[in-house]
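Peer 1: Below are the chains, spelled out letter by letter.
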Amino acid sequence: MALLKTSFLFLSSLKHQPDRTLSFFLAILAALSGLLLLLVILFLAKEAWPGLTNGGWRSFLTHKSWYPLEGMFGIFPMIWASLAMMFGAVLIAIPLGLSAAIVMRFYIPPTSLLAQAYRLILGLLAGIPSVVYGLWGLTVLVPLIGQLHPPGASLLAAILILALMILPTIALTALAALEAIPKTILSGAAALGMSQKGQILSVALPAARMGIIGGILLSMARALGETMAVLMVAGNVVQNPDSLFAPVRALTANIALEMAYATSFHRASLFASGLLLTFLVFLLSWFASRNMGNNHYG
Amino acid sequence: MFVNLKLVWLVTLLFFSSFSTTMAADNRLVITGSSTVAPLALEIAKLFENNNPGIRIDVQTGGSSRGINDARMGLANIGMVSRALKPAESDLTPFTIAMDGIGMIVHKSNNIKTLSNAQIIAIYKGKITNWKQLGGSDLAISVVNKAEGRSTLELFLKHFSLKNSQIKAHVVIGDNQQGIKTVSGTPGAIGYVSIGTAEYEEKQGTPIRLLPLAGVSASVRDGVFPLSRPLNLVTKGKPSLLAKRFIGFAQSAEVHGLVKNQFFVPLKP
Numbered sequence: 001m002a003l004l005k006t007s008f009l010f011l012s013s014l015k016h017q018p019d020r021t022l023s024f025f026l027a028i029l030a031a032l033s034g035l036l037l038l039l040v041i042l043f044l045a046k047e048a049w050p051g052l053t054n055g056g057w058r059s060f061l062t063h064k065s066w067y068p069l070e071g072m073f074g075i076f077p078m079i080w081a082s083l084a085m086m087f088g089a090v091l092i093a094i095p096l097g098l099s100a101a102i103v104m105r106f107y108i109p110p111t112s113l114l115a116q117a118y119r120l121i122l123g124l125l126a127g128i129p130s131v132v133y134g135l136w137g138l139t140v141l142v143p144l145i146g147q148l149h150p151p152g153a154s155l156l157a158a159i160l161i162l163a164l165m166i167l168p169t170i171a172l173t174a175l176a177a178l179e180a181i182p183k184t185i186l187s188g189a190a191a192l193g194m195s196q197k198g199q200i201l202s203v204a205l206p207a208a209r210m211g212i213i214g215g216i217l218l219s220m221a222r223a224l225g226e227t228m229a230v231l232m233v234a235g236n237v238v239q240n241p242d243s244l245f246a247p248v249r250a251l252t253a254n255i256a257l258e259m260a261y262a263t264s265f266h267r268a269s270l271f272a273s274g275l276l277l278t279f280l281v282f283l284l285s286w287f288a289s290r291n292m293g294n295n296h297y298g
Numbered sequence: 001m002f003v004n005l006k007l008v009w010l011v012t013l014l015f016f017s018s019f020s021t022t023m024a025a026d027n028r029l030v031i032t033g034s035s036t037v038a039p040l041a042l043e044i045a046k047l048f049e050n051n052n053p054g055i056r057i058d059v060q061t062g063g064s065s066r067g068i069n070d071a072r073m074g075l076a077n078i079g080m081v082s083r084a085l086k087p088a089e090s091d092l093t094p095f096t097i098a099m100d101g102i103g104m105i106v107h108k109s110n111n112i113k114t115l116s117n118a119q120i121i122a123i124y125k126g127k128i129t130n131w132k133q134l135g136g137s138d139l140a141i142s143v144v145n146k147a148e149g150r151s152t153l154e155l156f157l158k159h160f161s162l163k164n165s166q167i168k169a170h171v172v173i174g175d176n177q178q179g180i181k182t183v184s185g186t187p188g189a190i191g192y193v194s195i196g197t198a199e200y201e202e203k204q205g206t207p208i209r210l211l212p213l214a215g216v217s218a219s220v221r222d223g224v225f226p227l228s229r230p231l232n233l234v235t236k237g238k239p240s241l242l243a244k245r246f247i248g249f250a251q252s253a254e255v256h257g258l259v260k261n262q263f264f265v266p267l268k269p
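Just so you know, the protein sequences line up as chains A and B, in that order.
Position 297 of the first sequence, counted from 1, bears residue number 297 in the working numbering, the numbering being contiguous throughout.
Position 50 of the second sequence, counted from 1, bears residue number 50 in the working numbering, the numbering being contiguous throughout.
Hints are computed from structural coordinates only; laboratory data are not their basis.
Computed from a predicted structure; not experimentally measured.
Each statement offered as a hint is correct.
List of simulated lysine-lysine pairs, DSSO-like, C-alpha gap at most 27 angstroms:
no., chain 1, residue 1, chain 2, residue 2
1, A, 64, B, 163
2, B, 236, B, 158
3, B, 168, B, 125
4, A, 64, A, 46
5, B, 108, B, 260
6, B, 127, A, 64
7, B, 125, A, 64
8, B, 108, B, 132
9, A, 64, B, 168
10, B, 158, A, 64
11, B, 125, B, 113
12, B, 260, B, 46
13, B, 181, B, 125
14, B, 268, B, 244
15, B, 86, B, 268
To give an idea of the interface, some chain A residues facing chain B are shown, with a C-beta separation under 7 angstroms as derived from the structure:
no., residue
16, 67
17, 69
18, 70
19, 143
20, 237
21, 247
22, 257
23, 260
24, 262
Where is the CB? At the ideal position from N, CA and C, for every residue including glycine.
In isolation and in its complexed conformation, chain A is listed as follows (with noise of 0.2 angstroms):
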């Protein structure tokens, strides 16, 4: 009934608008949009059935590893593989990112030529395409941990790639949590003799909290959908994560590596692991727009 009442009123805002015909317009495009996402999870939902009926989704359980040839498709080593790698690189992010974020807020002043050339800096990390970090990891980083514990291709080299390349998203959402503070509240404790030490620490990071940790979820999902950069440097071994040096695959990794090549159940068996993936990112990226909805100050 509200649904009804809603698109009445819609239509009857049509009808007197004067650019009703620009409205209309981008309300289809924006319906465009959305349908295409759902029918992206139907088509996914689709392809992955033949993997999940017919108590097939208990070998995804049950089996111990990912060997399709054998008709293995165990996949907890995978997600395992990619939740450490996520958690891995977020925790290296985000004392970096906060650090550069607060840095470009309180220490130096924002129309320097040091400010500018930080954020122009900041923006590029982010831009940079991931087969590029791939690239990178695979010829310079892999070798490197490779003369420390050979063969180098590991969860540690797909940590510090994918640390690099949220770093920017968790120090540019920050910095912009913390300029969306209010200036009263900043010269309230300034007022009350905080040392600026205690200004950042107990007011400007409490006061800006929701919109640094949606910025840090947001860099989770990031973290857990890369693909082209982990599948070059973390070595694609499906087994547990039980070292920092141990070759493993993520979740990712595996559909770009099989996909073109898997036929029946392996191929279902893949877009099931996809259609994981999607529910993970959908996850985190509701809590963060949550969190940043929430949020009073940015």
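Start from chain A and add chain B according to the hints.
Peer 2: Here is chain B on its own, set in the frame of chain A:
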């Protein structure tokens, strides 16, 4: 309002026209499958198109499994398969166009000259983990394996009677190029790739070295190299007239130059 409807139609038409790729036209061939065969098939197709104006040939990669699948389902006129057909695939007809081998490669700085089959098996099972156990320098071995679905992996496993779950790999790679990049960047690595690709890269100065296998130097030329495989075009049932002409052309002496350029071995006439 009228203008909007037209626009909507346009968007809808554009949206759906992308789905309706036709394939059955008799001046068009769709060929899909093995990424090893694809570069060769592409070159042959270019020459064939030049000789026969008006003919369009579409070559897409996706692995031997896809070649089998697409030929079977009628999604492609011809499938590319870089191995002999299995008994379960007897519904398809293979046409061999060239031979290729799989060679073991190590980093150029590695001083191991040759490996026996038993040594290779021990390395891949993780029983030998350091080159010093084989008389080489004190360097940990990095075992490079191929991802599932690649016919290179299947041939390798079959030749050494291994199961993929027995292999203790350190790096799993997708295509030949990634394999060569990994081995050339890791002094202790050992891997296996298409000999054609490896010979080409070795000539370009990439720091890798092909190992002889069981005393036979890595070359498919004389046809005695143990790890060799046929490169096939496959069709379901009787090929169409155009498909038949293309296959005939791909097997003729006219394309031997192209085959050699890709470092494969042409069939004896």
